[in-house]
Structures are given as structure tokens and as C-alpha cells.
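Asks: Residues per chain, in single letters:
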Amino acid sequence: MAVMTMREAINQAIREEMQRQPELVLLGQDIGAYGGTFGVYRGLFEEFGPERVRDGPLCESATVGFGLGLAISGMRAVVELEFMDFVTLAMDQIVNQAAKMHYFLGGQVTVPLVIRTPIVSRMGMGPQHSQSLEAWFMHVPGLKIAIPSNAFDAKGLMKTALREQNPVLFIENVKLYGTKTEVPEEEYFIPFGQARILRPGKDVTLVAISGTVPEALAAAEQLERDGISVEVIDPRSLSPFDTAMLVGSLQRTGRMVITHDAYRTCGVAAEISQRMMEEAFDYLNAPITRVTGLDVPIPSGHLHVTVVPDQNRIASAIRGLMS
Amino acid sequence: MAVMTMREAINQAIREEMQRQPELVLLGQDIGAYGGTFGVYRGLFEEFGPERVRDGPLCESATVGFGLGLAISGMRAVVELEFMDFVTLAMDQIVNQAAKMHYFLGGQVTVPLVIRTPIVSRMGMGPQHSQSLEAWFMHVPGLKIAIPSNAFDAKGLMKTALREQNPVLFIENVKLYGTKTEVPEEEYFIPFGQARILRPGKDVTLVAISGTVPEALAAAEQLERDGISVEVIDPRSLSPFDTAMLVGSLQRTGRMVITHDAYRTCGVAAEISQRMMEEAFDYLNAPITRVTGLDVPIPSGHLHVTVVPDQNRIASAIRGLMS
Amino acid sequence: MIAATQENIGMLLALYNRMVMIRAFEESAIELFAKGLITGSTHPCIGQEAIPVGACSALEPDDLVLATYRGHGAAIAKGADPRYLMAELLTRTTGCCKGRGGSMHLCDKEKGFLGTNAIVAAHIPIAGGVALSCKLRKTRQVVLCFFGDGASCEGEFFETLNMSALWKVPLVFICENNGYAISVPTSASQATPDIADRARGFGIPAVSIDGNDVLEVRARTSAAVAHARQGYGPFMIECKTVRWERHSAFSAGRYENPEEAQRWKKVDPIPRFAQRLLEMGATVEQLNTEEVVARAAIQQAVEFAMDSPLPEPESVYEGIFAKPGT
Amino acid sequence: MIAATQENIGMLLALYNRMVMIRAFEESAIELFAKGLITGSTHPCIGQEAIPVGACSALEPDDLVLATYRGHGAAIAKGADPRYLMAELLTRTTGCCKGRGGSMHLCDKEKGFLGTNAIVAAHIPIAGGVALSCKLRKTRQVVLCFFGDGASCEGEFFETLNMSALWKVPLVFICENNGYAISVPTSASQATPDIADRARGFGIPAVSIDGNDVLEVRARTSAAVAHARQGYGPFMIECKTVRWERHSAFSAGRYENPEEAQRWKKVDPIPRFAQRLLEMGATVEQLNTEEVVARAAIQQAVEFAMDSPLPEPESVYEGIFAKPGT
Ligand SMILES: Cc1ncc(C[n+]2csc(CCOP(=O)(O)OP(=O)(O)O)c2C)c(N)n1
Ligand SMILES: Cc1ncc(C[n+]2csc(CCOP(=O)(O)OP(=O)(O)O)c2C)c(N)n1
Ligand SMILES: [Mg+2]
Ligand SMILES: [Mg+2]
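Chains as they are written, first to last, in the working numbering: chain A, 10 to 332; chain B, 10 to 332; chain C, 2 to 327; chain D, 2 to 327.
Isolated chain A, as found in the complex (with noise of 0.2 Å):
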């Protein structure tokens, strides 16, 4: 097993794909030399050249496009957009094309397009830079979405992107990328739809997603010491969406706290409590909680850290709950 971090192992996911399918390219801005803004892609330019790691004009929508049109003719793309908050732009291509061509087109065409994008919620740069938009793609049918929270789940989950047919948006966060994980050397693929118990527990479950993931189990860690069993779960993927590991878990604990670093008010956490009301309303020994990102615009500056959960106030939503 070798020890990475969640950037190597997502380049080192894309390398191995790139060798093996000579039809997959890469679609973005300053992922060249520069090695793409967060640096994901280093290497890959000096080693399959500017014909496949295709360094582009500053134009998401017909990037994204261009990513399309690839995928529906023979090829493979996966494009880069630089920060989460740019799909504003392609949205169209997104939602309208990508994912809905296979339906639309009758079945005549398969979309294997990854776009992949970067939250940096938790850095301070502002409120056009800053933004979780998960739930809105998780709100429309024909996209698969991924969002790891380690190098490990990173890997596995980029190799099943790229053998998929359809489009998936594959979805890091920035403050992820550092952190080491082991990852086995030989191939490896995880499934779309599984969650990762990734620290059982027996009081409450905790659902992180995303950023919020090492805020999550340090808050664990804090709670252990007061005697209270958190179980923390990362769902892993969006859609399709793990329900039945949630309800299993809730139906051990009783109670259920949900994390993510998007605004509150119609994010992710919302759909999952209601899943789990719907699936598990007599298991609910207490209201589910949320602990999100605060409902406000992004402020630039150390101010954001205001706006995002920390392990305090996730361990405090659980005392809540525990009393």
C-alpha cells in the first residue's frame, strides 16, 4: 500500500485510464504545464501531451460542449471547471445536454464525460469562490455525482468514473486535496450509490459530505471522550444515493445529524432527512439535525470561517441532541 494524498490519488486514477483508453482526453483551463489550477493534473501534460490534456480558452459552457460532442462520437473527456462556482456558466451543457442527450437522443448515443470541479469552501476567497452547489445536480435526474473525501474513495471513484457511460460530476474539495490516505497499488473500483461507514458508533450517525468530512470525525473523537458513540458515514456519491445504509445506521442510533459545508436551506442535508423520514419516520428518537453552511453570501476574508461547520458546532448539534 502506498500512502498519497487525495490529489495523487485522483491524478494517479486519471494516468492509469489515460494509458489504457487512447480516447480519453482532457478538457480545461491551465491544465497543461500548469498542472490545472489546484495542480490535480501534474505530470499528465508532459507525459500524453497537448493533443490529450488540451489546455483551452476561458469558455466553460462550449468546454463543456466540446466534452459533450467528444463523448457522443467515440471518445472519452473529462473536463475540469476551476472552482465549483463556475458551473454557473455551463449549466445548459450540464443539465440540458449532458445530461439528458442519452435520454433524449433515444438511446443512439452514450455520454462518457467526467467534470470535474473543485469546492473551495473553506479558503476565503469570496462569494463567487467559495460555493458548494451539489444539490443542484443531485436535484436532476441523468447525472451521476460523486464527492470523496479521501484519497482512498477518490481513487476508486475516479476509476469507475471513467468506465462509465454516462456523465458523472466528479466533485473535490480543495482542503481535501493534502490529506493522505493508504491506496492499494493493484487496480481497484468503487461502485456509484455505496456509503463508507468510516467510523461506526452506536448513539447518533453523523453524515459528512465533502469538506466537512475531517470536521466530522475530529468532533467523533471530542464526543468519544464524553462517552457518546458517533457513527460517521460519508455517503460518497449523490446519485445514485446510498439510502439504505443511512436508514440502517439510523435504525441502530435513533438519531441522525447531517453535515455539508453547502447553504442550508435546500441543500443536500434536507433530501436525506426526508429520505430518512420517509424510510424510518418510527426509528427517530429526536428531530434530524443539520449543521451546514450558513445561509449567507461567502464573505472574502478570514470571515469564512464563520459560514462553514467546524467540529465545535457539529459536536454541540449532537449534544443537542443527546440531551
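Hint data in this document are derived by calculation from the structure and do not stem from the laboratory. Predicted model, so just to flag it, every value in this text is computed and none were measured. A hint or two may mislead.
Pulled a few chain C residues facing chain B out of the computed Cβ check, cut under 8 Å [unchecked claim]: (1) E32; (2) G41; (3) I47; (4) G102; (5) M105; (6) V317.
Using C-beta positions, here's what the derived DEER-type ranges look like [what the hints assert, rightly or not]: (7) E304(D) - G58(B): 27 to 35 Å; (8) A42(B) - E61(C): 41 to 49 Å; (9) G187(B) - I3(C): 23 to 31 Å; (10) I206(A) - S325(B): 33 to 41 Å; (11) I206(A) - S238(B): 43 to 51 Å; (12) A227(C) - Q30(A): 54 to 62 Å.
Taking lysine to aspartate or glutamate and the DMTMM-like style, the derived pairs with C-alpha atoms no more than 25 Å apart in a straight line are [stated by the list, open to error]: (13) K139(C) - E56(A); (14) K112(D) - E32(B); (15) K36(D) - D308(D); (16) K324(D) - E26(B); (17) K36(D) - E61(D); (18) K139(C) - E26(A); (19) K324(D) - E25(B); (20) K241(D) - E28(C); (21) K324(D) - E60(B); (22) K139(D) - D251(B); (23) K169(C) - D198(C); (24) K139(D) - E25(B); (25) K267(C) - E28(C).
In this text, a Cβ means the ideal position worked out from N, Cα and C, and glycines have one as well.
Fit chains B, C and D with the ligands to the given chain A structure using the hints.
Replies: Then chains B, C and D with the ligands, alone, in the frame of chain A:
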């Protein structure tokens, strides 16, 4: 009191404010002599001329951008997007610019901008012309959202929107344009954030949004014959949202069903339900149920009727809850 | 100039056949819509038939085409079977897109027709990507992308002009400038008369031509396709034409300018081409035969569609995702 | 040509002062970022000072300006107080945007500086709308919109070219073509050398000029502003320049081309303008005085910012919506 259609009511509200506010300008496509894709602007071009009723080229993003530019520099603008599906082409201007500009410019500008767009969920116009995407916007701080279901509300809410100093998304379902209610002769305003009980009841609270309202009312009537008393509430605006009225109703009935045309997953129903759980958990006699658009791309043709909720689907969900 | 040889006359009669077929297809679509058999909308290209027929006739069979909702003509011109197209308009299970797409989403991958799209201009970058794919796979295929004057104001069009010129992809832009978006005339959507100028700003060669002359469209497209196939990158052809009908069978149509319509009917591309054919030595009987054959094919297409089943409600969850290994 | 009169020298020295002030502001920003006092990012415009200073000097005080995240220079050139700008970079409560916007969102409405934006090209249609507002309100104001070569590939730029030409709004597009987006050189983002060509495709007059010559920028902008103010519609000026620094103080900067940088340092607009001033009769003392005064102002700005409080966590819910009646 005059009786008029929702189309006429919106038209009247805009006409009154065009007469009152010389700085008010309309932007969009086909809004001139054509009167708007669905005829909401009939007569306005003739009355106010091409300077103020500005028919323009097909470019949703720049159209909203121009509207925003007008709004921050001493004018007020209403931008029409022809189908709600086309918000995908203007997401950055709506979400990253209009919603946040007052904030990120430290309050130096205000944004008296109304973006009007129709939902066309019930006409079989296919996957790219049938979507209800209001949840995306409810997720975004900085926007106000009105979503009326009848002529009376539509006029009062539009009047409010046209006096706002903040960006308003005004969502209209095409199916409702021809429906009639009484509308007072004298001027009136309906504030955002106030839901409305369309029909009082005591057994179950039925929250219905936009195009589902007529179906909800029909379901309530159906159920009354079976001795089930349904309280139908229309939130009328999504941001701000009248959580309190819904909580109050739920406390009386102990049961809630929420219905909308939008996709189920991560739709507005999940958010409403979660708020009820947070504020009225102890009053829930049964899990809150949602009756929504199915999680599928919306097919062209007659099959769309399978996708959106109808009175029978709503009624049977309620019967399910009562048993 | 095309010499009036016997083979050439045969080929030209085939173009005439296609133009009539498209006209008949659209007339049937309007009729079926009026009868309530088409739910949603439908956008006829009556009056514009010379463009898809002329342009597609300049292609090899494996070349690729993408078009708009007003693309019934392009689908037929590229060789798609009108039966499956008509069945799609009527959203029948036998439709080319299984009755899910409807009038605005037609596709025949086998014939190289990669689909029409209901979002104005959204297919343009997709066509760019398809062209890039051809280039990277060295298939020598060329991609034709049809779009309207309205579409030429959308940002994605320009983004694609830039990217396709930069990457020298084999893409031919065919602008069907029919003078109107829905109700907005080009005079209210652009400051300059020629959309071709926009392409030139990116270093893309471009011409503005009479789009109602099928042979002109064919000749110009041939040259553009040769340019693209030889690796010189994109080319744009702006075809000036007119839309006779309302924007869609659904639209109210109050924007119509009856005088203008009359003026343009005089340049109807079909009788105009018939006249030309007669001058080149074709006979009236030959033209009549093509007309009868083409109209019969559409009549059959309508019957085929009407006889086909509508999808069952339970099928609504089908076809969203491709199965693994497809 | 500007005559070397005493008033003119005085005016030109004021331009020199502004250029030095911008340089000093950006040097301080880089330093403060390195010290961890700026959270997020900051995008210096060192080497490009001639453009905002030359262009804004052609405006009336009530003319309006919009710019990008690399717009500290534009803010200063339009007259914004560097103290409130620097406080904004440090996200202090005294910042021009109350410390919410940070380095990428500066604004001084009083001075006609209507804000910088962190989404590339998004401010361009907004500037178009502001220009339309000026036209409709008949204020005779002109709007200047700064943007980069990278932005010139975004669809919104073209949509705005089209709409502004169509509606003849008083908008001057100032493209700061510094040869790079973040790491992507213009050779990898456009097929043609001149971005000005794109504007011409819409019927907008456009010139490409040396953006490191402050007097050239000033003269060309004056002409463009006169054109716009007289009601002839938009104008575009492409200013060729270079970015010395990394894209942002945050970026890794591995894309830097040291040779190119050295070559361009030779055309540093500040010493170049100093030389010109001396030729026109300014004295070394005069230049030194301006330099000292400008740098002192920035030193004060830094101190002011550092002495200002950071916003309290509780304030995070403030400022989202305008109150009624504002
Ligand atoms: C992005 C988008 N905006 C608006 C529409 C509504 N719409 C459908 S067709 C059309 C007119 C397009 O005009 P043009 O490109 O000239 O094509 P034509 O219909 O004339 O062939 C419009 C505005 C749409 N489908 N997509
Ligand atoms: C829509 C969008 N895409 C990408 C980015 C990331 N980004 C920030 S600055 C920049 C480069 C822009 O280049 P250019 O327009 O030439 O301006 P310059 O920075 O050179 O002044 C990029 C890609 C962004 N902020 N917004
Ligand atoms: Mg047209
Ligand atoms: Mg640049």
C-alpha cells in the same frame, strides 16, 4: 372587483408600475409587438414603446446582465426568460452577480431587478422545455422568489416585486395563466414571506406550489366527500419563506403532504419537510409525504402527464397518511 | 456549374425529391399538430428546404450533422427514414428517439445525423466537440452544424467559433438566416447585415449566399467541406432565406408580415429549382414522378406513425442511463 | 500630441503619480499576502499601470468604470481612496465594501467606480446595462469596461458586443491583453493575433495599441469616449501589455517565462513615461516628488488598513439585502 386571468393580473401590475416609474424598463425576447412568448406583455409595447419595452437578441446571460447593469445605475428592470429551463443560460448573472452584488459591493448598489420566467411543466414540450427549477434558487442567499398560483396573488406579489430594492425571481406556471380570480380595483401589495391558506381544514395540511395548486384543491374536494378535511396552503413566496404558518397548520393537523411539479430529489418539498421536523417534530403524527414530479427527464408528448402530480396522486398520498 | 449530363440530372432530381419530401413532411406535421396529434410543439422549415438539401448533398455518407428543433429537413436531407421521424413527432415508441424526444429531438446515428436540440445554440459547441473527435481519431469526417440567425447571438456560438478556429476542427457552420428568431427580426437583434462577419473576426472564412438556391448552397458547402476535410479548419456559410410559417405550429403567429411572406413565396426554392431543372433538360414527367414518390413516402410515414403505439406510463423511468457495456 | 506647456506637465505628472501609486499599492498587496494578512487571493496589475491610468484620465469625473479582479489599478485611476481599497484587501470593516468583498471586489460609487468582479467577463454585460442606463437617462456619461484577453473568449463578451452595437450604448471596451489568462497564453486561446478583430465583426470600431504607453492609451481612449459620448455607440481598444507577476499572489507561478518577463521589464511603462516626461521638460526633482508622495499615500493606506478592525463573526448575516427605501 374585476375578474381576470393571472396573465392579465401580471400584465396589469407591470402596466401600473410602468406608468408610475419612468425608470422601469422591460428586457427580453419576443416581448415587443409579439407580447411575450405566452402573451403576458400584451399591449405594453404599444403603450410604452420600444425604448422601455426592449425586445432584443437571443442571449439570456447578457440580457440578465444588462438588466442588472440598469438596476445598479438608477433604473429598474424586468427581464423575461422565455422558459424556466433557460435559466441554465444565465445562472452566473442571477446567482453570482444579481444575488450577491449588493453584498459584495458593501451595499454601495441596490439591485431592483425582477426576473420573470414561466414553468411549462404541463404541456408535453419535452426534457428541455418543462422543468421547474425553483429549488436551485431557494438554495441561493440574496434572492427573493415569488411563485404565485392565481391572479390575485400574482398581482399583489408583482406589485411588491416592482417596489423591491433586491433581485426577485418571479416564477409563473403557464398552466395558470388562463385561470381567473377576483382582483380588487384599488392598489394592493402582498408582502413576500406570507403563505396563504387557500382552503382551511383540520385533518391534514397540504402544501402546494405553483402548477400543483389546482390539483391540490381538486384533491381536497375529492377527499372532503370521503370525510377527510384538508387544509391547502400556498407558500406564494419561497424566499423569504413563511415557515411559521406551515408550522402552525401542522400543529393543528399533525400531518403534512407537500406537492410540486419539480423533480423530487432535492426539491423544495424536502426543505419544507425538514423545517417542519426542526420546528414541530413532536406534532408529527405521520411522516411528511411528498407528491412531486418524478425523478426523470420529462418526456415530450402525452407521457408528461405521468410525470407531474395530479389530483389522484395527491389524494391517494393523503389517504395513505390517514390510514 | 453543373453540366446537364444524364447522371447529373438524376442526382439533381434526387435533390428535388428530398426538397419536396421535406415540404410534404412539414405540411403533414402542421396538419397533425392542428389535429392535436402532436403534443408540445413543432417547428416547420417550409421555405428553407434548399439549405439542408443543398448542404447535406455535399457530404459523404459518414459525415456528421447536428441541427436545431427546426431540423426535420436536415434529418431527411441526411437520409433519416421519415417514418421514424414522423413517429417521433407523434411521440410513438417506434420514433427514432423512442418517442421521448418529440419534434425537437430527432436523431439517426446510423445515417450520421447526430441530433437536433431544443436549446437555441446549445448544439453548436457539441458539434465542435464532435468535429474535434473526428480530427483526433483521424477519420477524415466533416461535421455540419445548422443554426439560425437567432442562435448567432448566443455566447456559445462565439465560444465555438473561437475554439474551432483555434483547434482547426473540421466543422462547417451553416447559418440559416431566415430573418427572424421567434418574432424578433434580425434588424432588432444585430447591428450589421451579415452574420458571416462574425466568423471572420475569428479568422474563419465565411460567405453569405442565397439560401433559396439549392445548387448554390450545394456548391458552397462542397468547397467548405473540402476546406475542412483538408485540415484547414472551420468554415461558415450564411444562407439567407425566409421562414414562411409561424415560428412554430404552437406560436400565435401575430408577428407575421403578410407582405414579406408574399414577396418571399415568389422565391420559393422548390418551383425555382424545378424551373432550373427544366432548363437543364429534365422533363415535367420526371419532376411529377419525384413529387409523387416523395409525397407518397411521407404519406406512408404518417400512416406508420399513426399505427404505432404511444409509450406506456410505466415506461417513464426507462432510458435515462446507459447500461454498462453499451 | 500633447504640447509641453506647464499645465500639461502638471497634468502628466499627476498621471505619473497615479502609476507609481498603483505600483506601490500592488507591491504592498503582494507583501501583505506573503505575510498572511490577505486571506483568499490578490491579483496585481504590475506592469500594466499605463492602461487604467491612461484610460481613466480620458474620462469626466462622473463617467463610470467597471473592471475585473485585476482592477486595483482601475479603482485608483478612477480616484478611489487607496486607504479604503487597501482596507478592503485586508477585509477590514473600513474597507470600501465593508470587508466583505476582499481583493476581487472593490467599489467606489461616489467616484464612478462601479466595481470589480471575480467571475471572468461577467461584468461586461453589466457594464453594457450601465451604459444603456446612461443612454436612457440621457446623462451623457460614458462607461469604460476593462477586461482581459482571457475574458475575450467568454460568450458574455460577444453577447455584449452584439447588444451594445445594436443599441448603440456609450460603452468603451478596454481589453488589457497581457498575453495570458492564468497560465494559458493567447496563442493557446485564440487563432488570430488581434482581439480587436472580434469587435469589428459586430460593426464596432476597434484599435490595437501599445498598452504600455500611457499617452497613447489616453489619446485613444479620449477619441473613443468622444465617439461614445456623441451617440455613435461602443468602441473597443485593445491594449497590448504584459503581466510581470504571477497570475495571483496565490498562484504557484510555475508558468512564468523568465525570458519573456525580462524582455517586458524593458518596456516597463513607468520608467518609460518618466523618460518621456523628462524629454518634455519635467525635472528629476518633480518626478522624485511625485514618487515620494505616491508611495507615502500607499504607506498610509497600509497603516490605515492594518489599524482597522476585522468584522465580527456575528456580522456575517449583515448586508445581504438592501433595506426598503434605500
Ligand atoms: C436558449 C434558448 N432561448 C430561447 C429559446 C426559445 N426559442 C426557440 S426557437 C427561438 C428562435 C430562434 O431563432 P433562430 O436561431 O433564428 O432559428 P429559427 O427558429 O429562425 O430557425 C427561440 C427564441 C430556446 N429554445 N432556447
Ligand atoms: C468564469 C471564470 N472562469 C475562470 C476563472 C478563473 N480565473 C480567474 S482569472 C483567470 C484568467 C483571466 O485572464 P484574463 O481575462 O486575460 O485576465 P488577466 O488575469 O490576465 O488580467 C481565470 C481563468 C474565473 N474567475 N472565472
Ligand atoms: Mg431565424
Ligand atoms: Mg490576460
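Asks: All hints, please: hold or fail.
Replies: Structure-based check of each hint:
1. E32: violated (17 Å)
2. G41: holds (4 Å)
3. I47: violated (20 Å)
4. G102: holds (6 Å)
5. M105: Since the shortest Cβ distance to chain B is 6 Å, the answer is holds.
6. V317: Nearest chain B Cβ about 5 Å off; hint holds.
7. E304(D) - G58(B): 27 to 35 Å: violated (55 Å)
8. A42(B) - E61(C): 41 to 49 Å: holds (45 Å)
9. G187(B) - I3(C): 23 to 31 Å: violated (54 Å)
10. I206(A) - S325(B): 33 to 41 Å: holds (37 Å)
11. I206(A) - S238(B): 43 to 51 Å: Because 45 Å falls inside the window, the suggested range holds.
12. A227(C) - Q30(A): 54 to 62 Å: violated (32 Å)
13. K139(C) - E56(A): holds (21 Å)
14. K112(D) - E32(B): Holds, because 23 Å separates the two Cα atoms, which is no more than 25 Å.
15. K36(D) - D308(D): Given that 25 Å is the threshold and the Cα spacing comes to 16 Å, the pair holds.
16. K324(D) - E26(B): holds (20 Å)
17. K36(D) - E61(D): violated (38 Å)
18. K139(C) - E26(A): Within the cut-off at roughly 21 Å; holds.
19. K324(D) - E25(B): Status holds; Cα separation ~23 Å.
20. K241(D) - E28(C): violated (55 Å)
21. K324(D) - E60(B): Given that 25 Å is the threshold and the Cα spacing comes to 29 Å, the pair is violated.
22. K139(D) - D251(B): This hinted pair is violated, its Cα atoms lying about 42 Å apart.
23. K169(C) - D198(C): holds (18 Å)
24. K139(D) - E25(B): Holds, at roughly 24 Å.
25. K267(C) - E28(C): holds (19 Å)
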